[in-house]
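Colleague: Line by line, the protein sequences give chains A and B. For the first sequence, counting from 1, position 21 maps to 21 in this note's numbering; every step adds exactly one. For the second sequence, counting from 1, position 88 maps to 88 in this note's numbering; every step adds exactly one.
Don't read these hints as lab results, they were simulated from the structure. Careful, some of the hints might be misleading.
[What the hints assert, rightly or not] Pairwise CB distance ranges (calculated): (1) B:3 - A:86: 23 to 31 Å; (2) A:58 - B:45: 45 to 53 Å; (3) B:55 - A:102: 18 to 26 Å.
In this text, a Cβ means the ideal position worked out from N, Cα and C, and glycines have one as well.
Chain by chain, the residues run as shown.
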Amino acid sequence: DPKIIQKPKYLVAVTGSEKILICEQYLGHNAMYWYRQSAKKPLEFMFSYSYQKLMDNQTASSRFQPQSSKKNHLDLQITALKPDDSATYFCASSQETANTGQLYFGEGSKLTVL
Amino acid sequence: GEQVEQLPSILRVQEGSSASINCSYEDSASNYFPWYKQEPGENPKLIIDIRSNMERKQIQELIVLLDKKAKRFSLHITDTQPGDSAMYFCAASGGGSNYKLTFGKGTLLTVTP
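Work the whole structure out from these sequences, hints included.
Modeller: Shown next as structure tokens:
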């Protein structure tokens, strides 16, 4: 059973619309992350959270907004979608920091923007 | 921030031979270097890692070497099998941020029978 649940697994959106990617982890981890994977930029870091606080943000655009309602949740809201946003978005988690323990990845949400 | 270069981007080897992937990093403060394997349509999975207090680590057919002076690390897969065919990513962490793992661009390894 996957311990990091991402929903939906696949989604198609039209340009200009808004989508929310859901991520819940059941590993008891304190840090959560979002990564984006596309043909152009494999495994690109986006955000990291620890104990529901933003630690790092490498996303230039404010169209991407992480939302953490609980310690084991880190959703990603994407507004004003563009075709360039098409990618697989991976949620990940680690016990504490990224360099003290293994990073576990969810199964990904594949977004296609038309 | 940290930058990780990974070469080669494509690697084709014959079954039973060795495969080597090389990575370099920029931030001398980075202290953790994992390797991930990703099969088509799946998520990346950790296969081996090394910390800056080590120079070499081996898990079965996987060997990782770290040269801190040169800021390079490498993955060596000995006695490759078709099941080793996948995308491999190196990464570095612990420099400017403890909450960020910076990945290389990946190496697509194909092991032919």
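Colleague: Taking the hints in turn, state whether each one holds.
Modeller: Evaluated hints:
In this structure, residue 3 of chain B and residue 86 of chain A meet the distance hint of 23 to 31 Å, their C-beta atoms being roughly 25 Å apart. A hinted range of 45 to 53 Å is violated for the C-beta pair residue 58 of chain A and residue 45 of chain B, which are about 23 Å apart. The given range of 18 to 26 Å is respected by residue 55 of chain B and residue 102 of chain A, whose C-beta atoms sit roughly 21 Å from each other.
In summary, the one numbered hint that this structure violates is 2.
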